[in-house]
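Chains as they are written, first to last, in the UniProt record's numbering: chain A, 1 to 320; chain B, 1 to 536; chain C, 1 to 309.
Hints are computed from structural coordinates only; laboratory data are not their basis. One or more hints might be untrue.
[Said to hold, decoys possible] Only part of the chain A face toward chain C is listed, based on derived beta-carbon distances under 8 Å:
#	residue
1	Arg-46
2	Ala-165
3	Pro-236
4	Val-240
5	Ala-246
6	Ala-253
7	Thr-254
[As the list claims (entries may be wrong)] Some residues of chain C that are not near chain B, with every Cβ distance over 12 Å (derived):
#	residue
8	Asp-59
9	Asn-262
10	Leu-293
[Claimed, not checked] Which chain B residues stay away from chain C? Per the calculated CB distances, all over 12 Å, these:
#	residue
11	Ala-157
12	Ala-369
13	Ala-387
Think of the CB as a built atom: it goes at the ideal place given N, C-alpha and C, for glycine as much as any other residue.
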Amino acid sequence: MESNQSSPSPLSETHFVASLDETPLQATDSVAEDSKPSNLYIDAWRDARRRPLFWISGVFIVLVIVVSVFPGLFTQIDPRLCDLGLSNNGASAAHILGTTKQGCDVYARIIFGTSTSLTVGIVATVINTSIGVIFGALGGFFGRWVDAILSRIGDIFFAIPYFLAAVVIMSVFVQYRNVFVIALAIGAFSWPGTARILRGQVLSVKNADYVTSATALGVGRLTILWRHVLPNSIAPVIVVTTIGLAGAIVAEATLSFLGVGLPPSVMSWGNDISTAQRDLRNNPMTLVWPSIALTSTVLAFVVMGEVIRDALDPKARARR
Amino acid sequence: MRTFKIASAAGGLVLTAALVLTGCSAPDAGDNGGGNSTAVITVNGSEPQNPLIPTNTNEVGGGKILDSIFAGLVYYDATGAPKNDVAESIETTDSQNYTITLKADQKFSNGEAVTASSFVDAWNYGALLSNEQLSSYFFESIEGFSYDEDSELSGLAVVDDTTFTVKLKQPESDFPLRLGYSAFFPLPAEALADPAAFGENPIGNGPYMLDGEGAWQHDVSLKVIPNPEYTGDRVPQNGGVDFIFYATQDAAYADLQGGNLDVLDAVPDSAFASFEDEFGDRAINQPAAVFQSFTIPQDAPHFAGDEGKLRRAAISMSIDRKQITDVIFEGTRTPATDFTSPVIDGYSDSLKGADVLKFNPDEAKKLWAEADDISPWDGQFQISYNADGGHQGWVEAVSNSIKNTLGIEASGNPYPTFAAIRTEITDRTIKTAFRTGWQADYPALYNFLGPIYATDAGSNDGDYSSAEFDGLLREGAGEPDITAANKLFQQAQEILLKDLPATPLWYANATGAYSQGVSGVQFGWNSVPIYHEITK
Amino acid sequence: MVWYILRRVLQVIPVFLGATLLIYFMVFALPGDPIAALGGDRGLNPAVADAIRSRYHLDEPFIVQYFYYLQGIFTGNLGTTFSGQPVSEILARTLPVTFRLAIIAIVIEAVAGILIGLIAGLRKNGAFDTVSLLFSLVLISMPIFVLAFLAQFVFAIQLGWARTTVSGEAPFSELILPAFVLAFFVVANVIRLTRTSVIENLDADFVRTATAKGLSRPRIIRVHVLRNSLIPVVTLIGTDFGLLIVGATVTEGIFNVPGVGNTLFKAILLSEAPTVVSFVTVFVIVYLISNLLVDILYAFLDPRIRYGK
Numbered sequence: 001m002e003s004n005q006s007s008p009s010p011l012s013e014t015h016f017v018a019s020l021d022e023t024p025l026q027a028t029d030s031v032a033e034d035s036k037p038s039n040l041y042i043d044a045w046r047d048a049r050r051r052p053l054f055w056i057s058g059v060f061i062v063l064v065i066v067v068s069v070f071p072g073l074f075t076q077i078d079p080r081l082c083d084l085g086l087s088n089n090g091a092s093a094a095h096i097l098g099t100t101k102q103g104c105d106v107y108a109r110i111i112f113g114t115s116t117s118l119t120v121g122i123v124a125t126v127i128n129t130s131i132g133v134i135f136g137a138l139g140g141f142f143g144r145w146v147d148a149i150l151s152r153i154g155d156i157f158f159a160i161p162y163f164l165a166a167v168v169i170m171s172v173f174v175q176y177r178n179v180f181v182i183a184l185a186i187g188a189f190s191w192p193g194t195a196r197i198l199r200g201q202v203l204s205v206k207n208a209d210y211v212t213s214a215t216a217l218g219v220g221r222l223t224i225l226w227r228h229v230l231p232n233s234i235a236p237v238i239v240v241t242t243i244g245l246a247g248a249i250v251a252e253a254t255l256s257f258l259g260v261g262l263p264p265s266v267m268s269w270g271n272d273i274s275t276a277q278r279d280l281r282n283n284p285m286t287l288v289w290p291s292i293a294l295t296s297t298v299l300a301f302v303v304m305g306e307v308i309r310d311a312l313d314p315k316a317r318a319r320r
Numbered sequence: 001m002r003t004f005k006i007a008s009a010a011g012g013l014v015l016t017a018a019l020v021l022t023g024c025s026a027p028d029a030g031d032n033g034g035g036n037s038t039a040v041i042t043v044n045g046s047e048p049q050n051p052l053i054p055t056n057t058n059e060v061g062g063g064k065i066l067d068s069i070f071a072g073l074v075y076y077d078a079t080g081a082p083k084n085d086v087a088e089s090i091e092t093t094d095s096q097n098y099t100i101t102l103k104a105d106q107k108f109s110n111g112e113a114v115t116a117s118s119f120v121d122a123w124n125y126g127a128l129l130s131n132e133q134l135s136s137y138f139f140e141s142i143e144g145f146s147y148d149e150d151s152e153l154s155g156l157a158v159v160d161d162t163t164f165t166v167k168l169k170q171p172e173s174d175f176p177l178r179l180g181y182s183a184f185f186p187l188p189a190e191a192l193a194d195p196a197a198f199g200e201n202p203i204g205n206g207p208y209m210l211d212g213e214g215a216w217q218h219d220v221s222l223k224v225i226p227n228p229e230y231t232g233d234r235v236p237q238n239g240g241v242d243f244i245f246y247a248t249q250d251a252a253y254a255d256l257q258g259g260n261l262d263v264l265d266a267v268p269d270s271a272f273a274s275f276e277d278e279f280g281d282r283a284i285n286q287p288a289a290v291f292q293s294f295t296i297p298q299d300a301p302h303f304a305g306d307e308g309k310l311r312r313a314a315i316s317m318s319i320d321r322k323q324i325t326d327v328i329f330e331g332t333r334t335p336a337t338d339f340t341s342p343v344i345d346g347y348s349d350s351l352k353g354a355d356v357l358k359f360n361p362d363e364a365k366k367l368w369a370e371a372d373d374i375s376p377w378d379g380q381f382q383i384s385y386n387a388d389g390g391h392q393g394w395v396e397a398v399s400n401s402i403k404n405t406l407g408i409e410a411s412g413n414p415y416p417t418f419a420a421i422r423t424e425i426t427d428r429t430i431k432t433a434f435r436t437g438w439q440a441d442y443p444a445l446y447n448f449l450g451p452i453y454a455t456d457a458g459s460n461d462g463d464y465s466s467a468e469f470d471g472l473l474r475e476g477a478g479e480p481d482i483t484a485a486n487k488l489f490q491q492a493q494e495i496l497l498k499d500l501p502a503t504p505l506w507y508a509n510a511t512g513a514y515s516q517g518v519s520g521v522q523f524g525w526n527s528v529p530i531y532h533e534i535t536k
Numbered sequence: 001m002v003w004y005i006l007r008r009v010l011q012v013i014p015v016f017l018g019a020t021l022l023i024y025f026m027v028f029a030l031p032g033d034p035i036a037a038l039g040g041d042r043g044l045n046p047a048v049a050d051a052i053r054s055r056y057h058l059d060e061p062f063i064v065q066y067f068y069y070l071q072g073i074f075t076g077n078l079g080t081t082f083s084g085q086p087v088s089e090i091l092a093r094t095l096p097v098t099f100r101l102a103i104i105a106i107v108i109e110a111v112a113g114i115l116i117g118l119i120a121g122l123r124k125n126g127a128f129d130t131v132s133l134l135f136s137l138v139l140i141s142m143p144i145f146v147l148a149f150l151a152q153f154v155f156a157i158q159l160g161w162a163r164t165t166v167s168g169e170a171p172f173s174e175l176i177l178p179a180f181v182l183a184f185f186v187v188a189n190v191i192r193l194t195r196t197s198v199i200e201n202l203d204a205d206f207v208r209t210a211t212a213k214g215l216s217r218p219r220i221i222r223v224h225v226l227r228n229s230l231i232p233v234v235t236l237i238g239t240d241f242g243l244l245i246v247g248a249t250v251t252e253g254i255f256n257v258p259g260v261g262n263t264l265f266k267a268i269l270l271s272e273a274p275t276v277v278s279f280v281t282v283f284v285i286v287y288l289i290s291n292l293l294v295d296i297l298y299a300f301l302d303p304r305i306r307y308g309k
């Protein structure tokens, strides 16, 4: 982090050491004055784009997004056209992944379910992370009564099991049960976990030398938080967030299993998995296919999370 | 009514329980009748939702325990025929005034004598408004009953220790048939003195009794042992029954597979396809007194008047019941041909107009088009159901069947809980079709018709009203000859087939299986195993 | 430190009030009349329904109901369920069972998660790391009900290594299989987080210093890397509590464990406010205590964190 210290130091004016043009190490120590200004995030991007894993997971994520926006490009079959006569058929030319118990095409349902699952995952994660980061960072950094209040608010939300919240939210909005409502139900009651992890990191980082020196240099407190403390404490949050995104997609399945998920008319991987579970003994493949879709998407996001985390972390960059 | 709580309020998932492994060691006797009369049979159950007071129990979990620890005036044999239990005779000349004589020297398990007052006091307790008993409506036909204020059942009179008389508000010939239902069980004096304590440790006069204080381990199990005071026909052939409370049917099924359970009376839908292969002749799959349907409210848009009749028939004919019962239920449901059940005396599969229950896509389309000429269809057809009861599969299949046949939008509309949908049904704010079902409390045709379709009846959730139907129903209820009465009830159903206040779907079969160690397993008319006959 | 703990204990009061009020409001907001459901498909006589409703104060405004509840708490009465059972009895019966289940699960989670995460972190991008990544991903993307059904089918029914369901007393040995399912449901996070922290700390100044001092590698890993890596992990395990409750609802249903998860879920479906709120109150207290412990553990694990100013 020290290497990113870009605010001009008042000490540099006073020449305690030999000036650059007098030292033999000039070539190695010189500052490239014509290079573009850099900051943490630009550096991270430069680093990430050099890594193959970034591109592999990135392409997959883009693909998943394209599928979710334009499902019609990937299948001609209407996923809602279900014929009980075709119940639990295996793979065939017409139905390349077979059919479900209701006689719907498994492949088409996965394609059309992508957008629901992805939206639930992303929206829930955004809600979770934004509230969690604000509460955790402010609480950990400012401590004292700010911390006490924010942590206790977190406690209130955390003590309420999120499925209870989900039952209530999904029941109250019974006519408007859609992906955003379920994402809200999942995200709004899971952020205290993120907040606490970040707070713990902030607590351990805020006494670091570079924070003390930045404070000594008169850098504003919020600037210190944003530029020095947060980047150094965010790594575990990124890991937990990408896993949390997966968790949200799976949570949607679990809520369906408990009967408080999306209505069955909304196609989603979670709904498909929860329905297929009843048929586990007879037609396990209806469970396996949406699970594979879910696992590979989750994999892409987790790998992406790791890459971003490494890229954001100058120490990890140095290691490679 | 004792409705199927397993499939409704409690949900497939929820209840809690666990196993007590008592006396369930490896079978030491052969399984061909060489049973051991001291062996305890383990059976599945669910935590009773209310204290064990007969008039306050309206669900299966508590019901099957009460049936084993109490003896009513009559009991039902495996075919549903009433047999005298405590009663010596039940006599009437006009179907309105009954004289009931009890067998002499009947006792509760605490030694107290079962007398005419044991019945009359129990019934008065159950009927009194301020006692808030869930099954109080069972006494509504007895003179003096009131829903609005506390009033004594003036129609009941004790003649002597073993005789009492009943006067009904109007003639009802199937009254004696009802008397085996748990609401009509007798109660000992201490029950009325402290109902709360009694509900925790009930004392009955049935073939079994609770195995001492604390036999009921909440959420875990309840154990009953043979009652030495019982002198009726239902003599236990085993050393007791252990009701193990399960949170889910899947857990109970897993325990049967794992050898921790002897008798299971509800196969989870995940095992519908495999249980008959797995258990062979130890699997049970037979029709039961459970009728399932969905109800389209009378005032639903496009479903009233002549247009409504056409649309109701078209919807009914666009459902491929045979395919759905075969595929979704794997043959554990039987397609409906009337509004009652095949196990009930008087059931018919050839009522006039029953064709409307057969899958007929061409006719369905034609009728739908005729209705469109009266007023064009708009919107979509929805069936509401509670998501906590395992209904999603069939609702989706029925919706798809309607959608594929009529080419209209059709879908399921889940409510998260039974309470949520029940409230809307009770308040009449529900505007879509909704799931309905009926499990008979006592084996009689009238029980499937009167409470549901009679004008202003308690469970007439669709607000159906037909003077012609009401008339036939009343006539049948007063007809003392059961065959003649059933004829009238069949004619009444033919009216229902024209109006379709509810769309009959199928009868739920009793499904179950038992372990290798037990024999003599037979299911009663009400889908509950006849526990006292099981040996191990 | 003492002052810090005291202050934290005092903070329990507003959290308690806030959480119970919020939860009471949520249960109150549930659509549907719980009393209407008592009658089953048949429905209930309106007069009887009204009487039951007023017995449970369901006909009063929300805030009045809440005060009745608070009043009950201070007189040691947590209310009764709609079936007339005292809520306190249900708590006393179910809490120890779930507590046992959760403790076993957390131990499995912590041991397996930290061990796998540590090895994966020490050999970053090695074969073990890759396998553990895939393993944890499969666990993450498998809903717990699938995990539980599979475990029950394979280990109890097919192999016979465990009982299919848990019996009434819920002994330790029978809880191991459900506890494993529960632990595997949350272990992936611990693996990933431990790995990340280990990688980070391997490169920290204090590790370099220790290496320069000539300390042995096992000692460096044990004293410097692991101890510092455990901070976020300890937090995470502390916060897994909520997830464990969700997991417990499903696991307890499938393995028939007479614990909190199931009872609570049933109570929610029945809109039984006194039961739900009492359970959640206990959660709040358990959660606050575990948080307090985690915060104290911080100070122990990381000398840089100091409280009490």
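Going through the hints against the structure:
1. For the restraint placing Arg-46 (chain A) at the interface with chain C, the shortest Cβ-Cβ distance is roughly 20 Å, beyond the 8 Å limit, so the hint is violated.
2. At about 7 Å, the closest approach between the beta carbon of Ala-165 (chain A) and any beta carbon in chain C falls short of 8 Å, and the interface hint on this residue holds.
3. Annotation: Pro-236 (chain A) was flagged as interfacial toward chain C, and the flag holds, the nearest CB pair being 4 Å apart, inside 8 Å.
4. About 6 Å separates the beta-carbon of Val-240 (chain A) from the nearest beta-carbon of chain C, less than 8 Å, and the hint is met.
5. Residue-level restraint check for Ala-246 (chain A) holds (minimum Cβ-Cβ distance to chain C is 5 Å; threshold 8 Å).
6. Using the Cβ-Cβ criterion of 8 Å, the hint placing Ala-253 (chain A) at the interface with chain C is satisfied: the shortest such distance is roughly 4 Å.
7. With its C-beta approaching chain C no nearer than about 5 Å, Thr-254 (chain A) sits inside the 8 Å limit, and its interface hint holds.
8. Distance to chain B confirms Asp-59 (chain C) as a non-interface residue, since its nearest Cβ pair spans about 14 Å, more than 12 Å.
9. For Asn-262 (chain C), the shortest C-beta to C-beta distance to chain B comes to about 4 Å, within the 12 Å cut-off, and the non-interface label is violated.
10. Leu-293 (chain C), annotated as away from the interface, keeps every beta carbon of chain B farther than 12 Å; the closest lies near 29 Å.
11. With a minimum CB-CB distance of about 25 Å to chain C, Ala-157 (chain B) clears the 12 Å threshold, and the non-interface call stands.
12. With a least beta-carbon separation of about 35 Å from chain C, Ala-369 (chain B) lies farther than 12 Å from that chain, consistent with its non-interface assignment.
13. In this structure Ala-387 (chain B) is not separated from chain C by more than 12 Å, as the shortest Cβ-Cβ distance comes to only about 10 Å.
The structure does not agree with the numbered hints 1, 9, 13 stated previously, though it agrees with the rest.
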